[in-house]
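Now for the letters of each chain:
2 protein chains.
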Amino acid sequence: MNDRFLRACRRQPVDRTPLWIMRQAGRYLPEYRELRRKVDFLTLCKTPELAVAASLQPLRRFPLDASIIFSDILLPLEALGVRMTFNPGPKLAEPVRTRVQVDALESRPAAEAVPFVADAVRLLRRELDGRTPVIGFCGAPFTLAAYLVQGEGKEGFGAVKTMLFREPATLGHLLEKLTAAMTDYLRLQIAAGAQAVQIFDSWAGLLAPMQYERFALRWVRAIVDGVADLGVPVIYFVNGAPHLLEDAVTSGADVLGLCWRTPLDVAAARVGPGIALQGNLDPHALFAEPAEVTRLAADVLSRVAGRPGHIMNLGHGILPDTPIASVEALVAAVQATARRDAATAPSACTT
Amino acid sequence: MNDRFLRACRRQPVDRTPLWIMRQAGRYLPEYRELRRKVDFLTLCKTPELAVAASLQPLRRFPLDASIIFSDILLPLEALGVRMTFNPGPKLAEPVRTRVQVDALESRPAAEAVPFVADAVRLLRRELDGRTPVIGFCGAPFTLAAYLVQGEGKEGFGAVKTMLFREPATLGHLLEKLTAAMTDYLRLQIAAGAQAVQIFDSWAGLLAPMQYERFALRWVRAIVDGVADLGVPVIYFVNGAPHLLEDAVTSGADVLGLCWRTPLDVAAARVGPGIALQGNLDPHALFAEPAEVTRLAADVLSRVAGRPGHIMNLGHGILPDTPIASVEALVAAVQATARRDAATAPSACTT
Chain A
642 MNDRFLRACR RQPVDRTPLW IMRQAGRYLP EYRELRRKVD FLTLCKTPEL
692 AVAASLQPLR RFPLDASIIF SDILLPLEAL GVRMTFNPGP KLAEPVRTRV
742 QVDALESRPA AEAVPFVADA VRLLRRELDG RTPVIGFCGA PFTLAAYLVQ
792 GEGKEGFGAV KTMLFREPAT LGHLLEKLTA AMTDYLRLQI AAGAQAVQIF
842 DSWAGLLAPM QYERFALRWV RAIVDGVADL GVPVIYFVNG APHLLEDAVT
892 SGADVLGLCW RTPLDVAAAR VGPGIALQGN LDPHALFAEP AEVTRLAADV
942 LSRVAGRPGH IMNLGHGILP DTPIASVEAL VAAVQATARR DAATAPSACT
992 T
Chain B
642 MNDRFLRACR RQPVDRTPLW IMRQAGRYLP EYRELRRKVD FLTLCKTPEL
692 AVAASLQPLR RFPLDASIIF SDILLPLEAL GVRMTFNPGP KLAEPVRTRV
742 QVDALESRPA AEAVPFVADA VRLLRRELDG RTPVIGFCGA PFTLAAYLVQ
792 GEGKEGFGAV KTMLFREPAT LGHLLEKLTA AMTDYLRLQI AAGAQAVQIF
842 DSWAGLLAPM QYERFALRWV RAIVDGVADL GVPVIYFVNG APHLLEDAVT
892 SGADVLGLCW RTPLDVAAAR VGPGIALQGN LDPHALFAEP AEVTRLAADV
942 LSRVAGRPGH IMNLGHGILP DTPIASVEAL VAAVQATARR DAATAPSACT
992 T
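Chains as they are written, first to last, in this note's numbering: chain A, 642 to 992; chain B, 642 to 992.
Hints in this document: simulated from the structure, not taken from any laboratory.
Fair warning: there could be bad hints in the mix.
What the hints assert, rightly or not - Keeping only pairs whose Cα atoms sit at most 27 Å apart, straight-line, the calculated DSS-like set for lysine-lysine is: (1) K795/A x K818/A; (2) K687/B x K795/A; (3) K795/A x K795/B; (4) K732/B x K795/B; (5) K732/B x K732/A; (6) K687/A x K732/A; (7) K795/B x K732/A.
Model, not experiment: these values are computed from the prediction.
Given only the sequences and the hints, what does the whole structure look like? Please build it.
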């Protein structure tokens, strides 16, 4: 089994830097666009055979070191009774803005509300047969609240920020419910076979450090604690948060995933050696010529060369129009680390 | 004349911390909404008497320490031949995405393309009669390019990021043209009477440090250099850029304006004593109860109490639905610094 991804999560020696790509099953793949011509996004997510087919597509093209289940962070909100559509961005039937609405949210078990996700994880594990590990995931409570309160994706997510200052107790109540639901949801995925989980905090970077602990980080910590007994590595991806790194590292997660804003050597110095790092090539860098992609990817890799625990990835999801040749250049840059590591630290590969 | 704003820009002693508010003439004021019922946004900007009337509105309500001319950062792009509408966000007639389009941009003098801005500055100076200084402003080249290449405001401004990696020379050429136009535009405003100028870099925070110098900062530095002989303080406002502060401080500007993400004491430690700081209360904090607004504003003020050169402001433009009572609480918090400074550093007020 290819376990270099799981080993890197635990800061153990690896034969080369592992690579996976956020949104690796996505619109930049012609075969994904073909699949989507036949089936809408929600049906794709909710049909285990189709979700698994999408999850496997990038692995057929590229020697990636992890597979991630095809889904969306908002989907498990159905366990709270939230209804939504995607066109292509998410739109909730109704924003959640009052204490009454928060109190009215349901708390159904994920196994009942979104059983198809567990089925898909099980099927994906079987199909992969140990070739790569499977990553499960969920949204972080503040990020989910940002969508729930806004009712859709919107630059700045003003509605949740307004609630934070105007009705902090209401927001706290919402975050508590989301934390319970996401803990249950990750436990379901792990029980079904997920070998690592990632918590996506796409919008925590909208908060100053004074608000981050209370409205974002403590709830992430509760989720990490709530799955700790299951023994799988946890990745905490926090986007747009160069001002929060010293705090974010205290989430308890094994891996801190970073957007492209902070160079990895700077991040490593700030967070210390006790946590693995994931990232962080700018997704837009893949629009450069292949030779420049190689150079930019090598730059990211070199910034933490020799530091135990690096998982190569983009700093955000891969973009729809990304050229396939760029992904190939990224893959080649990562494969070159096998030679580099063999040359500079021969003992690291065999211990 | 009330010169505490200008003195703070130069890190000279002041009797209390000066305050102005980004977008202080805006939709949170009933009298502004009344004005806008009679006249559309572009007409308001382009009619000096109306622009001045809008600029004066917040000063009638609040004892603010600076006035800023009512306009929009995209307006002087008309000097490059760019046409746009506002509804309410900006929309360009055509995005600028190719080298041919960049080469075709005009370079008319601002005095010819947007003479109404200079007229408005002159009229505002006359109306104020020394009561508060007048601030002129422009957009920073990268931020203007973000709008020009995208064609509108859009989260992430993917189009300019794609151009940056795919056609860096084309983007460089565009930035060079924008730099020349904005230098000319600021010189026009200063010649008309602007006593300080602010350069708004709302989107430079989308760049990693590796790209920031080449595609944003060097052009800001060129503008700062290009108006240096005129002797007015320059404020460089860079939004969402906690990862860029050590670089941003080298722009040559007298004042660094910050969004709410970085606490001012942290920022002060990172940028050193040689530059004044402006900001940085979260605009959403004004949705809290007045007592909480007072507490949050006092917290911002206390983080740089005793450090020469602080201009109180929000970390971004004031929001349309902001309660007037919150602005009053903010004003009161700033006025309380007169007592604090008198108590703790009596000599500072008289030197």
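Going through the hints against the structure:
1. Between K795/A and K818/A the CA atoms are separated by roughly 23 Å; this keeps the pair inside 27 Å, and the hint holds.
2. The suggested pairing of K687/B with K795/A is violated, with an alpha-carbon distance near 30 Å, which exceeds 27 Å.
3. At most 27 Å may separate the alpha-carbon atoms for a hinted pair to count; K795/A and K795/B meet this at roughly 9 Å.
4. For the given pair, K732/B sits about 10 Å from K795/B by alpha-carbon distance, which is consistent with the 27 Å threshold.
5. Between K732/B and K732/A the alpha-carbon distance is near 24 Å, which keeps this suggested pair within the 27 Å criterion.
6. A hinted pair counts as satisfied when its Cα atoms are at most 27 Å apart, and K687/A with K732/A qualifies at roughly 17 Å.
7. Taking the CA atoms of K795/B and K732/A, the gap is about 17 Å. The hint holds against a cut of 27 Å.
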